[in-house]
Amino acid sequence: MTTLALVVGHSEEIAPGIRELSFSRTDGGVLPAHPAGSHVVVDCGEGRRNAYSLTNPGADPREYRIAVLHKSDGAGGSGHMHSLRVGDTVTVSRPRSAFAPVSTARRHLLVAGGIGITPMLAHARDAVRWGRDVDLIYVHRPGSEAFSDELAALLGDRLAETTDEDEFGRLLDKALTGQPIGTHLYVCGPGPLLDRVLADAAAAGWPPERLHLERFVPAALDPGREFVARLARSGRDVRVPSGRSLLDALHEAGVAVPNMCRQGVCGECKVPVLAGTPLHRDEFLADDERGAAVMCCVSRSKTETLEIDL
Amino acid sequence: MTLSVSPRLATFPFPFRADSYRYSTNVEPARVPVETEAGSWGAGILHLDDDYAAELAERRRILAADPSRLQVLPHMRPAAWDALLTVLRELHAQHPGSMSLEQDGPTFVWRNSLLGVEQRFTEGADDSLPGGPLGFLGSQIQDDVVLLDQREGSLWADAGVVTFAADWSLGFDVGMRFLEVHGPVPRIHEEGIISRAERFLMRLQPGEECRRTNWSMSVDRRLDQSTEVYPEWGPDRRAIVDAGPAELARRLHLRVEVQHLIRLGASGAIMFLIRTYLVALDELASVPAWRERLGRVLAELPEDMADYKGLVRYRDAAAHWLLDT
Chain A
-12 MTTLALVVGH
-2 SEEIAPGIRE
8 LSFSRTDGGV
18 LPAHPAGSHV
28 VVDCGEGRRN
38 AYSLTNPGAD
48 PREYRIAVLH
58 KSDGAGGSGH
68 MHSLRVGDTV
78 TVSRPRSAFA
88 PVSTARRHLL
98 VAGGIGITPM
108 LAHARDAVRW
118 GRDVDLIYVH
128 RPGSEAFSDE
138 LAALLGDRLA
148 ETTDEDEFGR
158 LLDKALTGQP
168 IGTHLYVCGP
178 GPLLDRVLAD
188 AAAAGWPPER
198 LHLERFVPAA
208 LDPGREFVAR
218 LARSGRDVRV
228 PSGRSLLDAL
238 HEAGVAVPNM
248 CRQGVCGECK
258 VPVLAGTPLH
268 RDEFLADDER
278 GAAVMCCVSR
288 SKTETLEIDL
Chain B
70 MTLSVSPRLA
80 TFPFPFRADS
90 YRYSTNVEPA
100 RVPVETEAGS
110 WGAGILHLDD
120 DYAAELAERR
130 RILAADPSRL
140 QVLPHMRPAA
150 WDALLTVLRE
160 LHAQHPGSMS
170 LEQDGPTFVW
180 RNSLLGVEQR
190 FTEGADDSLP
200 GGPLGFLGSQ
210 IQDDVVLLDQ
220 REGSLWADAG
230 VVTFAADWSL
240 GFDVGMRFLE
250 VHGPVPRIHE
260 EGIISRAERF
270 LMRLQPGEEC
280 RRTNWSMSVD
290 RRLDQSTEVY
300 PEWGPDRRAI
310 VDAGPAELAR
320 RLHLRVEVQH
330 LIRLGASGAI
340 MFLIRTYLVA
350 LDELASVPAW
360 RERLGRVLAE
370 LPEDMADYKG
380 LVRYRDAAAH
390 WLLDT
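Residue numbers (this note's numbering), protein chains in the order written: chain A, -12 to 297; chain B, 70 to 394.
With a straight-line Cα cutoff of 25 Å, these simulated DMTMM-like cross-link-like pairs (lysine to aspartate or glutamate) come out: (1) Lys378(B) x Asp351(B); (2) Lys257(A) x Glu278(B); (3) Lys257(A) x Glu97(B); (4) Lys378(B) x Asp289(B); (5) Lys378(B) x Glu260(B); (6) Lys378(B) x Glu326(B); (7) Lys257(A) x Glu260(B); (8) Lys161(A) x Glu132(A); (9) Lys58(A) x Asp235(A); (10) Lys58(A) x Asp30(A); (11) Lys378(B) x Glu352(B); (12) Lys257(A) x Glu221(B); (13) Lys257(A) x Glu267(B); (14) Lys378(B) x Asp305(B); (15) Lys257(A) x Glu277(B); (16) Lys257(A) x Asp296(A); (17) Lys58(A) x Glu7(A); (18) Lys257(A) x Asp224(A).
Derived DEER-like restraints, expressed as beta-carbon distance ranges: (19) Asp151(A) x Trp237(B): 52 to 60 Å; (20) Pro177(A) x Met271(B): 22 to 30 Å; (21) Leu183(B) x Arg220(A): 49 to 57 Å; (22) Thr149(A) x Leu183(B): 51 to 59 Å; (23) Trp237(B) x Ile1(A): 47 to 55 Å; (24) Asp136(A) x Ser223(B): 36 to 44 Å; (25) Gly16(A) x Gly222(B): 34 to 42 Å.
Pulled a few chain A residues facing chain B out of the computed Cβ check, cut under 10 Å: (26) Gly24; (27) Arg81; (28) Ser84; (29) Pro88; (30) Thr91; (31) Phe271.
It is worth saying that the hints were derived from the structure and are not from the lab. Even for Gly, the Cβ is constructed at its ideal location relative to N, Cα and C.
Please build the complete structure, drawing on both the sequences and the hints.
As structure tokens, then:
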């Protein structure tokens, strides 16, 4: 994986617990362009890597912008990000696109909860830029209104912003039942909000192909049961205990597998399966690939032994 | 040692790496030069050669006669602008002495001294460019261009400017899925080649580039072998069988496409560039290794593939000329 060595050009707390950062090349040159809804993976120190949505316009960018919510109960990555100041250097992946607008949608309905607003800012800006029909519902805690002014200037009365859960429910209900056929819905936010929006949309008759979600907090995976990874090329058996990922177990056994997101999204850590039945927990592999490969960062084994081509 | 050959042969992307040819998902990284027996090709994305002005004049003539060779479905406007700016920036970077793209806010000025072009335009304003963004793009590079949109788990051929098609039609294919566009090609569906290729392309991340080659043959140096003008070139495939050896070798051409596949950044569309090269057999034969290899490939090619490529009537005669005369 190629990474970019960038420098912090801007670091500012824009709402309580939310810090906006920008990264640029040291020579001020152009960075790789990207569609709305893209993210970068940032090294957060001590081997931690977090994915952050890019809020900047994606055409010919000279800076990448992200906004980071400080999570005191997290693994410490967000704390590291909050400690970054202008002039600090950071290692950033090239942008990856997994939440882009659907070009043929008749209308784009955006729903954001809390810090889930970040990809929606890019979506809203791109929609306005190209004259696409867009509506945004933005729910957040009182006093945590990141980007409210910018969004209001962009969207005017197409922005519905609330801090009240009941009002959010009414706005969502109205939006889900009042859209023309051909509208696509995009949602980003905490797990419970995602689950609610998807359930309400399904109940209102939305087909799954028109629902797009971005989980900014990876779904907590259960620790799973222990299994043995049999390495076909060396004949070695590696024990994968409950609570330890196959990727980590391989790493501890001295077997390096390329990896990046560690969330089953990016596809870097795909390993061919020769025997046994994987327990897939990724969002990367296509259905017809699932017999012969496993994403070792999140997936496990249904069988006691999983033979892999390593 | 490199032979002393014409400029056309020195940069010709001779596509065969073995004495037989089968379809495969033959993609490789872009911008990696390939050494050949006669020179090299592939160091850059865009290749302008001695035929630059002539081929663009030919494209202008074709588009004037048949505007359906340019297609942009309405949702592809952002992708068309993205493609234009990406290519003009690339040309500027490759040819800083003769081309430049300058930006002042939303206004751009493009200068191309090789063609004597100075064009001012506003990004997003289709009528600020002759032919719109994709039509203008087609007037600056020899490649045909197809833009693929990605949605619903598929790629869709939703825009393009294609005047040098090898027996297909953009006007017919526009709006189709990638798999549908490739429907007529034998073998690639059963062997899973085309779905693997589509999956690979769908996973290209912003800015990633790759390339492949494809080939066929044609009678005479004719770039436009679109379905629309089949009556103009199709009958030659039958008539050439009656030609004597010298005429056969002079008129039959190996036709090679260098295809670049680039994930555009801002729009997320895939830009498919198809650059077509033609070399007559009697010219190609000045490189002995190519002469022998093409002869063997043609002699060995399975009948269904030869039929799809339109070579079935003359490939034995061509192989005989290459190998036995």
